[in-house]
Amino acid sequence: MPRYLLSVFGPAARTDYGPYPSKEDMLQAFADTGAFNDRLQREGYFVFADGLEPATTATTVDGQGESPVLTDGPYLETKEHIGGFWVIEAPDLDVALALAADGSKACRGVIEVRPFQTAESVAALLDS
Amino acid sequence: MTPPDVDASLVRAHHEEWARIVAGLARRYGDLDLAEDATAEAFAVAVQRWPDDGIPPNPGGWLMTTANRKALDRLRRESQRDVKHLAAQHLVDDAPPEPVGPVEDDRLRLIFVCCHPALSMQARVALTLRLLGGLTVAEIAHAFLVPETTLAQRITRAKGKIKAASIPYAVPAATDVAERLTGVLAVVYLVFNEGYLASGGDEAVRTPLCDEAIRLGRLLHELLPDDGEVTGLLALMLLTDARRNARVSRTGELITLDEQDRGGWDRGLIAEGHALVRERLAAVAAGGPAPGRYQLLAAINAVHTDAPTARDTDWSQILALYDRMALIDPSPIVRLNRAVAVTELDGPLVGLAEIDRLTDALDGYHAFHAARADVLRRLGRSGDARAAYDRAIAFAGNPAERAYLTRRRDQLAL
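Just so you know, the sequences run in chain order X and Y. In this text, residue positions in the first sequence follow this note's numbering: the first is 6, and each later residue adds one. In this text, residue positions in the second sequence follow this note's numbering: the first is 66, and each later residue adds one.
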């Protein structure tokens with residue numbers, strides 16, 4: 006079955022409660038996201054999910070040269086950063102998009118849906 | 066030389082069978098690339114062979130068989146080692162599909178794939194014209210004034226996304242079908258409008274795009290005869306296209322509705338459009354769902370095409386229809402069209418007040434300035450009208466429209 010990465014994007018600017026405007030909002034988002042995760046598990050879509058520490062805690066590494074180059078901060082400086090993600094299995098993109106819409110509502114973030122490579126697509130790459 | 070009846074048969078087969086063959090192969094092999102290429106090859110063989118061998122008794126069946134053979138040839142070439150496996154699979158899949166009603170037509174699935182909301186509008190238009198309309202990449206590129214390589218890339222990328230992201234080859238669930246259909250109709254109407262009101266280039270009307278949009282509209286109507294908006298869009302396109310020949314003068318100038326020679330309108334298309342509008346009126350009167358924007362626009366065009374002369378136009382009915390439009394689509398463009406109807410009913414002074422309210426929203430839109438210029442002209446405010454015509458000409462992309470606006474401006478009293 007196709008696998009999709011659902012990346013959650015939220016504002017880089019943080020309050021005391023991360024990307025949420027208030028503690029109540031944060032608690033409600035956690036509760037809704039928890040309920041959404043339970044549903045993913047129950048309905049057989051869930052592969053993995055987790056939240057990330059703020060982008061300010063990221064370190065960018067380029068190991069292609071002789072010695073690795075380390076940079077403090079995320080790879081791209083943008084106003085929105087990835088704040089968490091799901092990996093799901095779904096029969097097709099329509100199902101994945103519908104789940105992403107529900108997940109977006111639950112966690113209060115915009116979601117990018119992207120398919121994983123498959124054995125077939127990698128084989129096609131090797132053949133080309 | 067190809068005998069003319071062979072030419073005609075090839076054109077007819079292309080119109081009638083292309084989408085069916087692409088859609089059938091796409092279902093059987095689950096690969097749009099393969100379906101497209103094999104279909105194109107089958108038509109190329111027909112072009113070569115029919116002039117000598119004669120037109121086969123069942124051209125559609127002949128083309129389907131040939132395309133299917135081409136697809137299998139390609140699969141064999143590409144994957145010698147898997148050929149037995151493939152052959153075995155296709156023995157199973159070769160069973161004709163169960164006749165389960167029009168909604169399961171392969172072409173309908175293909176329409177929903179090509180117009181999937183996960184694809185950009187540009188990609189949807191290009192895919193729809195290529196896979197359903199059978200237009201060549203060169204034809205589509207020419208129609209949209211983009212380089213062929215750009216257009217080819219657009220199609221390749223879209224097909225790549227459909228495959229990699231597993232966009233389903235399916236008619237959406239009943240709960241989503243109305244919303245998804247709105248997206249499909251938007252693609253068809255965009256193609257029609259780009260043909261009818263070419264926004265750039267040297268041609269006033271790009272006939273192939275209009276014809277293709279109407280063909281797609283007819284196909285949708287055949288597949289979904291009970292959908293009001295599908296019927297409405299087809300009626301709207303027919304009633305608009307019926308005026309095509311009266312709309313541009315011999316010198317390439319746009320002729321507005323009130324100045325058109327109504328004898329030049331296509332009565333056959335008008336009768337067909339009116340019949341569809343009446344069908345919808347009856348369905349709504351019988352308790353069907355309220356008409357959407359395409360049905361309302363079709364009704365407005367039915368009122369216009371019903372009037373023997375511009376003077377006879379029933380503007381109060383048109384205003385009532387625009388009032389209903391404004392309820393479902395309160396956009397400034399709808400309000401501009403409504404203001405034009407108000408001008409006809411209540412005079413240019415009232416109309417101008419309505420139009421001027423839209424200045425902030427529509428200042429960069431040529432039709433806004435053209436409508437304003439016309440009202441100012443009627444009020445005898447030549448200087449203001451001239452400035453408005455200048456703005457309209459600057460924003461108009463269509464050459465026939467520019468020619469018309471320029472003449473109107475130059476006819477103003479000094």
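Note that these hints are calculated values from the structure, not bench results. In this text the structure is predicted, and so the values were computed from the model without any measurement. Hints may be right or wrong, so weigh each one.
[As the list claims (entries may be wrong)] Simulated restraints on C-beta separations:
(1) Y:G317 - X:E94: 57 to 63 angstroms
(2) X:A103 - Y:R222: 20 to 26 angstroms
(3) X:S133 - Y:R472: 55 to 61 angstroms
(4) Y:Q113 - X:S133: 27 to 33 angstroms
[Stated by the list, open to error] In the DSS-like style, the derived pairs of lysine-lysine whose C-alpha atoms are separated by at most 30 angstroms in a straight line are:
(5) Y:K228 - Y:K135
(6) X:K84 - X:K110
(7) X:K28 - X:K110
(8) X:K110 - Y:K228
(9) X:K84 - Y:K226
(10) X:K28 - X:K84
(11) Y:K226 - Y:K135
(12) X:K110 - Y:K135
[Stated by the list, open to error] To give an idea of the chain X side of the interface with chain Y (calculated C-beta under 10 angstroms), a few residues:
(13) P7
(14) A63
(15) R119
(16) T123
(17) S126
No residue lacks a Cβ here, since even glycine has one placed at the ideal position from N, Cα and C.
Results for each hint:
no.	hint	verdict
1	Y:G317 - X:E94: 57 to 63 angstroms	holds, 58 angstroms
2	X:A103 - Y:R222: 20 to 26 angstroms	holds, 24 angstroms
3	X:S133 - Y:R472: 55 to 61 angstroms	holds, 57 angstroms
4	Y:Q113 - X:S133: 27 to 33 angstroms	holds, 31 angstroms
5	Y:K228 - Y:K135	holds, 21 angstroms
6	X:K84 - X:K110	holds, 20 angstroms
7	X:K28 - X:K110	holds, 17 angstroms
8	X:K110 - Y:K228	holds, 28 angstroms
9	X:K84 - Y:K226	holds, 27 angstroms
10	X:K28 - X:K84	holds, 22 angstroms
11	Y:K226 - Y:K135	holds, 24 angstroms
12	X:K110 - Y:K135	violated, 47 angstroms
13	P7	holds, 4 angstroms
14	A63	violated, 27 angstroms
15	R119	holds, 8 angstroms
16	T123	holds, 8 angstroms
17	S126	holds, 6 angstroms
Figure legend: structure checked against the earlier numbered hints; hints not met, in rising order: 12 and 14.
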